[in-house]
Structures are given as C-alpha cells and as structure tokens.
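Hey, can you work out the whole structure from these sequences and the hints?
Read off the chains here:
Protein chains: 2
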Amino acid sequence: MPIYKAPLEDMRFVLHELYDSTALAELPGNAEFTPELIDSVLEEAAKLAETVLFPLNQSGDLEGCTYENGVVRTPSGFKEAYKTFRDGGWTAMGASPDYGGQGMPIPAALMVEEMLCSANVAFGLYPGLSHGAYVALSHAGTEEQKQTYLPNLVSGKWSGTMCLTEPQCGTDLGMLRTRAVPNDDGSYSITGNKIFISAGEHDLTENIIHLVLARLPDAPAGVKGISLFLVPKVLVKDDGSLGPRNGVSCTAIEHKMGIKGSATCAISFDDAKGWLVGEPNKGLAAMFKMMNTERLSVGIQGLGIAETAYQNAVAYARDRIQGRALTGTKAPDKQADPILVHPDVRRMLLTMRAYIEGCRALAGWVARELEILHKSTDDDAKQAADDFSALMTPIVKAMFTDLGFEIASTAVQVYGGHGYIRDHGIEQYVRDARISMLYEGTNGIQALDLVGRKLPQDGGRLLTRFLDPVMEFIEANADNAALEPFLPPLQQALEHVQVATGFIMENAMSNHDEIGAASVDYLRLFGLTALAFVWARMVAIAAPKADEQNGAGQFYRAKVQTAKFFMERLLPQTGALLAAIQSGSATMMEFEDAAF
Amino acid sequence: MPIYKAPLEDMRFVLHELYDSTALAELPGNAEFTPELIDSVLEEAAKLAETVLFPLNQSGDLEGCTYENGVVRTPSGFKEAYKTFRDGGWTAMGASPDYGGQGMPIPAALMVEEMLCSANVAFGLYPGLSHGAYVALSHAGTEEQKQTYLPNLVSGKWSGTMCLTEPQCGTDLGMLRTRAVPNDDGSYSITGNKIFISAGEHDLTENIIHLVLARLPDAPAGVKGISLFLVPKVLVKDDGSLGPRNGVSCTAIEHKMGIKGSATCAISFDDAKGWLVGEPNKGLAAMFKMMNTERLSVGIQGLGIAETAYQNAVAYARDRIQGRALTGTKAPDKQADPILVHPDVRRMLLTMRAYIEGCRALAGWVARELEILHKSTDDDAKQAADDFSALMTPIVKAMFTDLGFEIASTAVQVYGGHGYIRDHGIEQYVRDARISMLYEGTNGIQALDLVGRKLPQDGGRLLTRFLDPVMEFIEANADNAALEPFLPPLQQALEHVQVATGFIMENAMSNHDEIGAASVDYLRLFGLTALAFVWARMVAIAAPKADEQNGAGQFYRAKVQTAKFFMERLLPQTGALLAAIQSGSATMMEFEDAAF
Chain A
1 MPIYKAPLED MRFVLHELYD STALAELPGN AEFTPELIDS VLEEAAKLAE TVLFPLNQSG
61 DLEGCTYENG VVRTPSGFKE AYKTFRDGGW TAMGASPDYG GQGMPIPAAL MVEEMLCSAN
121 VAFGLYPGLS HGAYVALSHA GTEEQKQTYL PNLVSGKWSG TMCLTEPQCG TDLGMLRTRA
181 VPNDDGSYSI TGNKIFISAG EHDLTENIIH LVLARLPDAP AGVKGISLFL VPKVLVKDDG
241 SLGPRNGVSC TAIEHKMGIK GSATCAISFD DAKGWLVGEP NKGLAAMFKM MNTERLSVGI
301 QGLGIAETAY QNAVAYARDR IQGRALTGTK APDKQADPIL VHPDVRRMLL TMRAYIEGCR
361 ALAGWVAREL EILHKSTDDD AKQAADDFSA LMTPIVKAMF TDLGFEIAST AVQVYGGHGY
421 IRDHGIEQYV RDARISMLYE GTNGIQALDL VGRKLPQDGG RLLTRFLDPV MEFIEANADN
481 AALEPFLPPL QQALEHVQVA TGFIMENAMS NHDEIGAASV DYLRLFGLTA LAFVWARMVA
541 IAAPKADEQN GAGQFYRAKV QTAKFFMERL LPQTGALLAA IQSGSATMME FEDAAF
Chain B
1 MPIYKAPLED MRFVLHELYD STALAELPGN AEFTPELIDS VLEEAAKLAE TVLFPLNQSG
61 DLEGCTYENG VVRTPSGFKE AYKTFRDGGW TAMGASPDYG GQGMPIPAAL MVEEMLCSAN
121 VAFGLYPGLS HGAYVALSHA GTEEQKQTYL PNLVSGKWSG TMCLTEPQCG TDLGMLRTRA
181 VPNDDGSYSI TGNKIFISAG EHDLTENIIH LVLARLPDAP AGVKGISLFL VPKVLVKDDG
241 SLGPRNGVSC TAIEHKMGIK GSATCAISFD DAKGWLVGEP NKGLAAMFKM MNTERLSVGI
301 QGLGIAETAY QNAVAYARDR IQGRALTGTK APDKQADPIL VHPDVRRMLL TMRAYIEGCR
361 ALAGWVAREL EILHKSTDDD AKQAADDFSA LMTPIVKAMF TDLGFEIAST AVQVYGGHGY
421 IRDHGIEQYV RDARISMLYE GTNGIQALDL VGRKLPQDGG RLLTRFLDPV MEFIEANADN
481 AALEPFLPPL QQALEHVQVA TGFIMENAMS NHDEIGAASV DYLRLFGLTA LAFVWARMVA
541 IAAPKADEQN GAGQFYRAKV QTAKFFMERL LPQTGALLAA IQSGSATMME FEDAAF
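Heads up: the protein sequence lines correspond to chains A and B, in order.
Take the first sequence: its position 362, counting from 1, is numbered 362 in UniProt numbering, and each next residue is one higher.
Take the second sequence: its position 371, counting from 1, is numbered 371 in UniProt numbering, and each next residue is one higher.
Hints should not be assumed to be uniformly reliable.
[What the hints assert, rightly or not] Mimicking DSSO-like on lysine-lysine, the simulated pairs with C-alpha atoms at most 27 Å apart in a straight line are:
{"#": "1", "chain 1": "A", "residue 1": "Lys330", "chain 2": "B", "residue 2": "Lys224"}
{"#": "2", "chain 1": "A", "residue 1": "Lys224", "chain 2": "A", "residue 2": "Lys454"}
{"#": "3", "chain 1": "A", "residue 1": "Lys334", "chain 2": "B", "residue 2": "Lys224"}
Note that these hints are calculated values from the structure, not bench results.
What follows is the structure, given as structure tokens:
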C-alpha cells in the first residue's frame, strides 16, 4: 500500500526561514496569521490529507466515477470525505472573510493545496474548481452576484466549474460556438455543448455554479466576441433557496488515463438561464483571472504527486533487498542489501528530491509575491509582485507538471517491475500526473505565453523582476564561502538565460516562428535557472546550520547536499537547452509538410 | 480511431541502402534472401500487422485478459489472430530450417518484429517469448530435447516462456528459491513460485514450454547454483503426442498499467516434472542467450510503439485546426490553421521522427552484425560482430525503451486534452511503453551491464568496435561537402564519449560506486552518439539524392533535414550528460541514508 506523510518540516522551512512569514503577517488583514497559527493549520491539513483523502486515492482510481442518465456518482467515500473537508472549513481557506472565507495567506494555502494534491489529486479537483469560480466571480461579478453565490461557494455548500472547451475549440477560444441570447428579464439563454468540464456534474454538492464562455448575438468574431456567464445547475430563488433545475445536463463522462475519481463531463446547455459576469465581449479577461489561479494550482498538482511518488520510492528503496553494494556488502545480516545502497537508485531519488524541494521553494516565492499583490498597500511592491507572478505562472504550470510526470515515472523505475502492477499504487501517479501537462493550457501554450507575451511585455520589465534579485544575490554573496561551489553554476545558468533571451528577442522581430521554435526549451532553461537560484538561497540559510548534531542538522545538511546534486547533475542541462534554442526555427519550418 | 501503416520505405532504406542487404545474401544459407524476397516478406508482414493485429490493439487493452480457476483467456480476437499468424508461418520466421524455420536474416526479421510491436505489442509478446525459448533451447538443449520441442515451438503449435522472477528475487537471481529434485528417471521435480511470467498461461496454444530457473539440492548459494529446466505445461509422450497435465498452474494474473492483452502470470510449480537444459548450475549462461535476444526485442518494442505514436501525432497535427500560424494565416479557407503550422508542434514531431529513424538505423546495424555472427564463416568478422552486438545490446534495450515512452508521451502532448481520453487510443501507448523500461532487466541494469561489464571486457576491445568505424567515417568524409554541417557535432559527441569513458575507467578502479553513478547518463550519452553516427551515415547516402524532383527526392530531403534537426536540437544533450558524469559519485553517496 502506498504511503504519504506531509513534508511539514520542509514546508515550514520554506514559509518561515526562506521567505520570512512574520513579514507577511504585517500585511493588512494578516495579523492573526502568525507562524504558530500557520503551523497548526498545516498540521491539521496534514491530518486531513493523510487520514481522510489519501486512503481514498487508490480506491477512487480503481472505482472511478459512474454515469447514468445524467447523474454522476463519485467513487465510494468521496461524499463523506467532502463533508469532512467542508466541515473543517477547508473550502473557505483561501477566500475573503467578506464572504465567509478565512483569508489565509497564499503561501500557506499553497502548501495545503500541495498536500491535497499529494493525497488525492482527483478529489482535490472538486474544491479546486470551486475556488477558481470564486476567484473569477469575486473579480468580475456584480455585488448581487457575489452576495448570492460566493458565500455558498466559500462554505463548500455549492461547487463551481469553468466551461471553456468545446469539441472544435480548445486552445483557440475564438472558435467557440456556445450562444447567449438576452431575455427580457436581464438574464440570458445559453445554448451549446461543452466538453472536458472537470467537476461538471457530481454528487458532492446540491448545486453547481458553471462559469460559461459564450457569444452574444451581436458579438464580433473570434476571441473579441466572448462573454462570461454564470449558469447554475439549479436556479436560485430570490430568498437564496433552491428553485427548479436549469437547462443544464451532463451527457457523458470521459474515460481517461487517470484522475478517474474526478468527473470530466460533457455538459449540454439547452436554453439554460444565465447571467452575464463582467462586461459583454470581455469574458476572456475575467476568465483569465480564474485561469491564472488555476495554472498555479495545476503546477502544484505536479509537485504534489511528485512528493508522494518520491516518498514511496524512498520507502521501497529502503525495504527492497536485492544484490550487494558495488563497494561490498552493507547489510551482512540480510540476504542482500537494500537497493538504497546502489548509486543509480540514489541518483534517481536525489533527482526527484532536488526537483521537488526546488519547486516547493519556487512556488513559495511566487505565492509570497501573490500575497503582496493582493494585500499590500505599497503600489511599487504590488507592481513588482504582479510582474513577477505573471512571469512565473507559465513556468510553474509547465515545468512543475513536466517534472511531476517525470518524477512519477522515476518512482516506477525505482520499483522495477512491481511499479507496473496496479495493486502497488505507483503507476497511478504516472497516469494522474499526465493530465496536468495538458489542461489549463498545454505546456506548449504556457511556453508561448512566457516567450511571446511575458518577455516582451512592458519593455521587458517582467524579466528584470527575476534577473535583478539573482544578480543582487550573486553580488551580495561574493564573499560567502558556503556559497562558493554554488554561485558559478548559477551565474552560468543565468548567462544562458540572458543569451537565449537576446537571441529570441533579436530574431523574433523579423520572424515570429522563432518564438514558437524556442519557447518550450526556453521555459525549461528559465525554470532550471530559477530552481538554481532558490537552491542557492536555501544553501545560504542551511549551510550555517548544517553542523548541528541533531535532527535539524541533518535536515540542513541534506539541503546543502541536495543543492550540490542539483547544481552538478541537473543544472548542466541549461547548456544543451541554450544550444537547441540557438539553432532557431529554420530546420523545423523548412521540413516539407508532406514529408512528415 | 488510431492508425498504423508500416514504414516500408524507411525499412527498405535501412536494409538495402544503408547496410547493403545483397552482401548479407552472400552468407551461407542466405542465398534465397534477395532484396526482392525480403521486400515481399515485409509487405506481407505489413498486411498482417495493419489488418489483423492492429485492429485488436485497442480492444485488447480495453478487454484485457481474464483469469478464472487457473484458466487464462486472451482478449476477443487474439485466438483467431494467432491462428492467422501461425498459418502465415510468422512464428517460424527467425528459426533455423533444421526445425522447420525459415532462417530469415535477422535484419529483416527485426523489421517484421518492429511492425508487430507497432501494431499490437501485447499480442507480440506471445510469439516473442516462444522465440526466446527457442533460442535458449537451440543453444543449450540436448538433441532429443530439440527434436521433441523445437519443431512445435517453431510452428507455433506450442508456445514458450522464461520463468526467472520470484517475489523476493528480480534483478538479484542469486536469491532464487525454486527447487529441483532429481527423479530416478533422469527428470527433476520442480517446486516453487514464479511471478511476472509473460505468456505464462493462455488459450492460444495447446501446450506451453516453460524454461525455469531453479536450484539443485546440492547447488552452491547465489547465482552459481542456478540451473535451467524445461517444464512443459502438458507432458509430452514418447510419440510426441500430449499426455497428462504437469504440476504447473497459473494462480493469478497481474492487473497492470498497460499491455493488458498480454497475460502476466503467477505460475506455481508443484512437483512439476522437468528436464535439465545444459549443465547443472550453469543455468544463467543458457538463460542469458535467451535474455540477449529478448533484450533486443524489448528495445524494438520501444521503437515500434514510438512509430505508431508518431504516425498518429502527425495525422492529428494535419487534421486538427486551432489558431493561426505565428507568421500569418496558412489555411485561409478554414476557420483556423492545422496545428502542424506551429513551430512547437513541428519540434515535437521532428523530435519523435529523429529518434525513431535513428533508432531504426541503429537497430539495423546491430541486426546486421548478429546475422554475421550467426552465419559468417570468417572468424574475425564473427568476433567483431559478437563484440559489437554485446556492446550495443544494453543500449538498444535501454535507450530505445526510454525514448519509446518519451515519444508516446509526446504524442499525447500533440493531441492535447484529447490525448488523455481512452477512446482516442493514444494514452494506451504511454501505458504500453512503460513496461519495456522495466522488464528483461531494468534500464538501470542495462546501464550497469554496459559500463561495468561491456566497457572493461577484453581490455576495452568491445568499445573499439564502435569508436573505430566512427573515426574512420569522419576521416573518410573529411572532404565530403554534404557532410560538412554534420561531422563537427558528431566529432564532439564522440569526444564526449571518450572523455566520459576515460573518467569512469580512471575513477572506477579505486571506487566501484563511480560505475553506478555514471552508468545511466553514460548509456544515454553513448546511445545519442551512436544515433549521431547513423544519422551522418544516412546523410552520406541521402544527400546526393535529395535534389530528385519526385517522391524519392522528398524522402531523401527529409532524411537530411531530420539529421540536421537531430544534430542541432537533440545531440547537444551529450554535453550536459558529460558534465553530470564528471560530477562523480561523491554527492549521492555522501547523502545520509536517514535523510532521504
């Protein structure tokens, strides 16, 4: 049976030591969120994840969701778990106190989210989508809409969805066909078919609030003619109680590679009653507020699954005995040594670990900036935070999910043939992780967002929000002996980013294909460099404490050694990525279409 | 619905143009295997693969095998397909005419094998294991054993297995517990439990010949005390007809991530009657004859699945319209451009293609050397062929299967969210490909075989069988203008191999952990360099024909462009791999066990 234990020590390290949570507690509204309170919240979340959600992960995969006559049933136990989840107030965690939320600082909320994803990513999608709907509505909704819908979304009494995709339109929302016709009473009649709607129909809540992209009759063609509508599954009466069913039905659920406990629905809107959210024809902007939140969350899915995969691989490597160490017997009392003695097994485990802890630290940084963006009163700090989080969102989404899949597959490799057997529960992580590279914008689309939109934005200002602190750190630590082995590789990776950026900017002006040709490799190059930077920062904190002869000393020593492993073994990829980027678009574009 | 069409043009290119099949026809016993005959065999195989096996691939995955009271049923249609397969003589393809085989040259047989794996890898495992059993028996069996069992294995009337793994012993066969006690009649009583036995029980043949590793009562401990036994499911009478059931039973089948149409069995031997194959306590050597054949075949599984994944990704990229080209509309008559216009989609497709065609060419080289080894009368040529194929076997097994999985996952990425849906049949390739990195020795074990065994063997002679032809080629083509852009990257990759080899050899003497620390990265570095070499050789042939204004011209131009893509985009990884190797084992070995 798989195991999972929330990595609280590392989470506390990131929240408190790496990013100084006491400083965040000084932001308006955060006074009660002392490090002590955050720690106790994390402990409660760990209990929930470990004892309520994780035990349903494997059974949820085996059983899956079922569909019958428009009714979707979640796997056994999900309903009870959702009730526990709601009763514990976890749906309200990240929401504003104005609507019954707890206003938890984003860095802490993100750690809780990681635990949910580690424990049961399929379950986590239900409250996850609700939170996305909450974000979009709270940004773009009218006061009446907010009062009617947000408290019940926040309390988890109702859930939410985002309905974008249609059979003919995924990435290219300009091809969207769902129509919205105005009614006399100010509402709209929505008609169209949506697919791939996560949590589109289920048995966890009494109502589901769909946020639906559709076209008004007079809408311009393409993406400039898309509006956002709120369409409840069950209509809500003026007194807030539930009225009749709306013209919304689930026509099928998808049979998928993984996340089988999550209902992925085809939803048909048939003259369904809906209300405009935000301005006509400005639906994409409102939806993107939701999308950006979701993109970070999807990145965290990659991280969360990777953590569980890692923990199980470690446990198996300790437990499984097979062969002897290359340097001679290590466990003479046993018939063979645990496979943890083999360098290649350690290489796999440290690769997983170096990525996971690096990603957690990077996510913590992005979350911190988002918290500043949402709560600071300092305009400069808010602008900087907005820039940085916009720059990093596609990187977190794409790199974390690519790595999540790689790490899940590495865990299978540690298990050998046993990893391929369903009973052991490890291959599920590979299947569950694979979706995160695809939804909320494929990872290729994330890379285009980074290179085509975020890099040139505001004269390249966003990029400086990353480059400047790295350069400042390198300068400030020039004489820091503990960092001596770490700064040269960081410096070199940074140069690779700078050279690659210059190459793309120079060539893309005359040929836009250079953007697409470079984008995916550039995102990984940038992401690895960002990981190198957070690793160097972690070393700066950990190295002075690495000599302590206690458990904490071991934690800090492991940090320094993992950082070393990252720099030596993983960061050198940046050179290969730079070379690939510099080869440009010519070869791939000249290849004759018919010859593929 | 997924598609598959055998890549006959490329197969002919590899067999005839790259490696001169007419020269192979001059080996003893090969006279009838003219290029024309080989082509017609390939065409027949293509028909079988495309029209009989491929249509059962997706249904076989959905239905899987079933187990009831010791009886295993293969998915619907498998029995009929196996009959067609047998009737067509395909089980006899690679076997010796002495036992009813066709004695087909190995390069051609390997292309047929690739087609089977592309069409239905789960089905292909049944005849594949039989061929493995054939190889082991024909090497180590007595004349009587051969006469009794080989003709029926070759005709496909019976099938075979290899029974190595037990719950406590996978890689480390020294821990094997199955016992063999001698009977008075010269037979042995075999008792023990084996797991993960592919084709261990099924409904395709009337008998199954198990080749079983077990210990004699007086056997020394560890791997030096393992013997090989032939244990038929149904005992064979002196007249060759079937007698009573033997004490062999299938106690369960595994529920796996993929290859669900292949029965992976737990087999219990309960005083089963068996016969010693080869010398007592020398079972591993005999089994390794089978293993090496199987390892090449498993590599071809990676290649075969990758080919189908590629073809489907191309078809989807042509068909799916979404968005507009970055450089402006390409299909003004459509609502959007096919996604094939996007550089990143082309990058993904060319990455798949560059690996696939490179691997096919490399496999063709190994197959050619194996053919020389088996049929040549020239001792020097045989020795060289033996060396080369021994060196390359772990690379083909590990790199091809790693890439097969990566490529299958890339195909899913080209499909976007639709790739995650089971109905579309693409995610199956990811699941089916994953096993090949694990069985017949995990890819980590392959890398240890390469670095720990093959490199130092015979004073490094095996390595020269690769390095010498590469250096000769570079020298011979120094003035070849067509190769100008290709030789410098090849030269550099070769240097990376040489530096890495020197580093390992120097350091491994004092510290064996250096072998394991370097092995996986070294295997990939070596493999990429081998691909670079076969790509350069293909360019040497294709470049002069690339200007022809016909279909063939397009084929050759595509070869040259794909080679360019490989050199520019993929080969630069060798630098990163070298850097990782040179970081050595210290960091991973110093990491405290308790800190994982």
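List of violated hint numbers, smallest to largest: none
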